[in-house]
Amino acid sequence: MPNYMMLLYSPETPTAEQADHATEMPKWIALNEEWERAGSLVANGRLYPVSSATTIRTRDGETELTDGPFAVTKEILAGYYILACADLDEALKQAERFPIARYGSVEVRPIMDDPTKNPVGDRAAAAAA
Amino acid sequence: MSATRGHPDVRAESAAAAAAAAFRDERAAVLATLIRHVGDFQLAEDAVQDAFAAALTAWPRDGVPERPGAWLTVAARRRAIDRLRRDRSVADRAARLAELVRLDTHDDEAAMSEQSAIADDRLRLIFTCCHPALDLASREALTLRALGGLTTREIARAFLTSEPAMGKRIVRAKRKIADAAIPYRVPADDELPDRLRGVLRVVYLIFNEGYAAAEGERLVRGELCAEAVRLGRLLCELMPDEAEAWGLYALMLLHDSRRAARVDAAGRYVALDDQDRALWDREQIALGLHALERAVRLRMPGRYQLQAAITALHVQAADPDVTDWRQIAGLYGALADLDPSPVVQLNRAAAVAFADGAGDGLDLLAPLLADPKLASYQPLHATHAELLRRAGDTDRAAQAFARAIELSSNTVERAELQRRLAALRVA
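Protein sequence lines correspond, in order, to chains A and B.
If you use this note's numbering, the first sequence corresponds to residues 1 to 129, in order.
If you use this note's numbering, the second sequence corresponds to residues 1001 to 1427, in order.
Keep in mind the hints are simulated off the structure, nothing from the lab.
Careful, some of the hints might be misleading.
Some residues of chain B that are not near chain A, with every Cβ distance over 12 Å (derived) [what the hints assert, rightly or not]:
no., residue
1, 1135
2, 1137
3, 1179
4, 1213
5, 1287
6, 1324
So, partial list: chain A residues that the calculated Cβ filter (under 10 Å) puts toward chain B [unchecked claim]:
no., residue
7, 45
8, 48
9, 49
10, 54
11, 66
12, 68
13, 86
14, 108
15, 110
Note that the Cβ used here is the ideal one computed from N, Cα and C, for glycine as well.
Kindly generate the complete structure, drawing on both the sequences and the hints.
This is the structure in structure tokens:
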């Protein structure tokens, strides 16, 4: 079975009614659960805002970092990786290794922790408090 | 605020002065350590702010503590605990709270075993604020805010922008540090040289923002120079074996020693040759020369040391005619090998013109003038004009002056160029 990547786009600052989390949340959770049960969910994640992005390019052996998302419109999205890294420095070190960094660019965006998958943190916090 | 003994006004005043001094001297260290403990820039900054507010209430009432820094550290940590208990959105909240509570109950032990870690905290903070994944303007602002202790309002004024815009920039940078997990650490040995160059560059940029300030902006932006010099000294204290840190510190001191002589009473720019050398700050020159000696003894040459050596030759000349231009030209040659940027090439050409004659300087300018990328580079045309004037080519000098004036964005500098152009026509 082939894999398909779904790219989700959002207005940078959605209006209150667009992003009505209270009504949206159960729908997201239901979708995730359905695809997990069916075994069709390979990976997913919610990204931090574009302002947290760093774009990396290597040119003539020099690494160039840009604070922000990739912006050159002549380049097209060609693939994606999701890597677990200790911190941004490690992520950038790995990103620099993609051959495409030499002629394209790699946008590094942190993925948010999924609070529904990791509820332990908050219970422990309540105990400590 | 009420004092139970002594003279309330005097007590309040000296306590406020002690708090102001502590804010200046201790804030960066208190903040740097708390960021390591709570792992969150914004939370730590808020807690440190709370602690200083608490000091302003407590010190006039209870007296100024013997060790203001330690008092502030404990107060900031307790405020951080309070804030963490309230704020459920912080990641790893549990682990952080547990660590803070542990530190708070075993304070003395912790303080002992932590001495060396604390010494490194300001370095961690510097490297985080100057991380290359943040844009350059954010690095400058964040460094001034976190290490220089300038308020957002002061930074906004110095960068000629509004307070809300600067506040937004700083908040965004701190959010990126948290969201993207920019690590809070001194880079490993293999990355250190590169990252240190980045830190020095940020400090030098801050200095230059202040140094190159135009008329009318001079007063507000002058404090950027003072802050940059302070940051430079801090880097030398924290990394005493880094030759380029000393080189940068020396360079800034030597440049800044001429500050009072660079503008006349009417606010006009005064060129190096015309400056009243009695106005140069001798004490600061001595400090700068001393820092340069420390740098050179480490035997790791670099571009800041070369620039400091060049500036040292200028400030050591009793008058412009005895400036050692040949040695300066040689140093610029060495600098151009490390950094073949137009700015260095340009200065090299000017120095060679003084050492060997305007013709030799003009020969070095030729490749720069042929580069279309530099067609709008104002200093190139200003230098070109000056060398043509000295070579006696009045017509072409006038053309170059006109071009330099057209490209100038600094009112003081433009007035000076117009004066030189007018003098050319009279002569």
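Right, here's what the structure says about each hint:
no.: 1; hint: 1135; in the structure: 4 Å, violated
no.: 2; hint: 1137; in the structure: 9 Å, violated
no.: 3; hint: 1179; in the structure: 4 Å, violated
no.: 4; hint: 1213; in the structure: 25 Å, holds
no.: 5; hint: 1287; in the structure: 35 Å, holds
no.: 6; hint: 1324; in the structure: 36 Å, holds
no.: 7; hint: 45; in the structure: 13 Å, violated
no.: 8; hint: 48; in the structure: 4 Å, holds
no.: 9; hint: 49; in the structure: 7 Å, holds
no.: 10; hint: 54; in the structure: 4 Å, holds
no.: 11; hint: 66; in the structure: 8 Å, holds
no.: 12; hint: 68; in the structure: 7 Å, holds
no.: 13; hint: 86; in the structure: 8 Å, holds
no.: 14; hint: 108; in the structure: 8 Å, holds
no.: 15; hint: 110; in the structure: 5 Å, holds
Consistency note: the structure conflicts with the earlier hints numbered 1, 2, 3, 7.
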